[in-house]
Amino acid sequence: MTSTLILSAVTFVYFGAFLLYLLRVITNREAWGVAATWTLLAGFAGQTIALALRWIDSYRLGIGHAPLSNFYESLVFFAWATVLLYLLTEWRTRSRSAGILVTPPALICMAYASFSPAVSSRIQPLIPALQSNWLISHVVSCFLGYAAFTIAFALAIMSLLKQREGTREGLTKRFLHLLPDGEAIDELLYHNVVFGFILLTMGIVTGSVWAHHAWGSYWSWDPKETWSLVTWLIYAVLLHARLVRGWRGGKIAVLCILGFAAVLFTYFGVNYLPGLHSYLKS
Amino acid sequence: MAEPGFTKAKKPNPLWAFFSSVRLTVALLALIILLAVLGTVIPQRDAVMEAAWHAHSGWEAAMDALRLSDIFHSPWLHILLGLLSLNLVICSLNRFPASLRAFRTNGFVDPSSPGSRPPDITLPTEDPPEEALNKLEVLLKKTYRIAARRSAAGMDLLYADRGRYSRFGVYVVHLGVLVIIAGALAGSLFGFKAYVNLAEGESSSVVYLRGGQEQKKFDFSVRCDRFRVDFYENGAPKEYRSDLTFVKGDRIVHQGVLRVNSPIAFDGFRFYQASYGVAPGGRIDLSFRRGAGEKQSANLGAGDVLELSESRARVRIVRIVENMMEMGPAVKLVVDLPKEQITFWVFQEIAEIEKANPGIVRQVPMFNPGLFPPYVFSLDRMHRKYYTGLQVARDPGAPVVAAGAFLLFAGLMVIFFSGHRQIEVRVETAGGGTRIGVSGRSNRSPHSVRADMQRLLDEYTKANS
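Protein chains in written order, with this note's numbering: chain A, 1 to 282; chain B, 1001 to 1465.
Read the hints as simulated data drawn from the structure, not as lab findings. C-beta atoms are modelled at their ideal positions from N, C-alpha and C, and glycine is treated no differently. There's no promise every hint is true.
[To be verified] Just so you have them, the derived chain B footprint on chain A, three or more residues with Cβ under 8 Å:
| # | stretch |
| --- | --- |
| 1 | 65–74 |
| 2 | 125–131 |
| 3 | 151–164 |
| 4 | 190–203 |
| 5 | 226–238 |
[What the hints assert, rightly or not] Listed below are several chain A residues computed to face chain B (Cβ distance under 10 Å; list not exhaustive):
| # | residue |
| --- | --- |
| 6 | ARG122 |
| 7 | TRP134 |
| 8 | GLU187 |
| 9 | SER208 |
| 10 | PRO223 |
| 11 | ALA262 |
| 12 | PHE265 |
| 13 | LEU273 |
Take these sequences, add in the hints, and give me the full structure.
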């Protein structure tokens, strides 16, 4: 399939973008950052085209469905959503600092999807449980939410690093200096968490409605459901800590990292537990 | 939300203080998270698995005793949810008066009082105070709601705000959570989830709960007229469907096709296509040939007998197996002769099996379809008899939970996408001219209210030039 080939190529483009963001930090020249943005944008355009092609291909195979139905497709969509949200953030804030931290997760997802022998890139037909109009809204909202949490995670790392400014020398010092000030990072982190929280809520609600139709019960305490609730609760604690108790900076960053660990477990870890959400195993 | 400027005059009751603290909320949420995580790590006793024969090890017995093998139905979770609900209610009650005051407010702290701050931005103008205030009111009205206009301490004041309803967003979210918990409770008290397997043609008015330990009887019966499963080329199921008929008395009251993802609602119950399987009682097309004679065939079920009069033999169909030792469909035949009995298996895919395991028929005579010479048998086709696995559920809490989820989501949108922006304009005579002072406040986005204030003054200057 052409789309699979393009997606493997996109992996290398994202790697290139990562290297350029890295060069920007090492050389302290914004020209590298501009190149990085354009490279990332080119990769994103390629990935968008590949996703559309894959969708069209599935119709050509007579099993037409959105490319959101197995592990490979979810990894690719996760990377796509992360890059999309990052590019929007970069455009809105006019700061490229997070690029060096956000490109690796997208890159790792694409590389894992494209090159791991354990992940099948074949377009598979939908089993009866997945043949539902809820598939798209459920998967899109969940993964956009995960993507926002990924960016919030990168910002949390930045926030913790920024606190060490003044104690470091050399390259680290230059990198820390390039980061936006702590308050701006904190604000951006909060916005990403809010966006992710709303989308995760939507993902859980659409999933419940779907489960009510397909499984006969809106909530079954299946491990994926349970872990998505755990994730939701951790971010709920973060939002309360910030809005009610006025937490900022480091403590929020730590909660954000904890939340991201729960996101990762909800996405990957749960596959090792028995449950109803077994579509992602192949 | 923490509101500056309001102090609680109430005497602190320790119990009330305990239940109204956000620390308790965080502790409860942490405990719920812990339980939920345990629930995915400790093997949970599935309702279906709850059979009496389940062997108990010491560890499992301990988990059972602590109710950790069924965490999501355990008192632990119920207690935590109860405490969380109480905490939510009291927290909300505690904070509600302050929000109501902020909602009803029509001015900042009086400029003459000690708590008053100087305006955030000021602008001198030559307009007389009255006229300046009128112009500002017109400009503010475009995006804000004018709440009050008054005079105090020698200056004219104008108070305007927008998004005051966002003060209640948090209560809507909390109400949503409470409604969801209530709906879930109603579901677990008054709802049920049961299963029944129906072979094609079979009907039942009884369904089974908790792995068959309990039954529920309907005043109607449901019949499976037909079950069909289609597969994709790769062997994955494409669609399965049951044609169901609901019968009350002798009357057919409803007929419908049940598919995965499209349940049938009948008489307040919802029927779901949960599973399917092969039921005993399938039939086969068995054919045989006597030496070089003509091929004959018969359609037979388990227990049927085929008379071979030429040899005074009776061939009994003993077992029909869907997948015999991973080698596909097979049938076990017993040939009764006057003096002896011959038992052997006939595989449908015998040619492929022999190709994959050369000599298997000689090594395992039981697998030889020609073990009763001069006859050679073959299994031409298996007509499987399917059963459909139905799930029957009734959950009066589901609409309640849906309403709660709606409230929760609506409240979240209010909290995160709006905010109470307040602006107060003071106009006073200072020196020879008039001085305009603007102050602003926002519970959500201070920078947007700052931008609003700046725009107001910019527009004022522009209109005057």
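- Message: Are any of the numbered hints broken by this structure? If so, which, sorted upward?
- Response: Violated hints (numbers, rising): 1, 3; every other hint is consistent with the structure.
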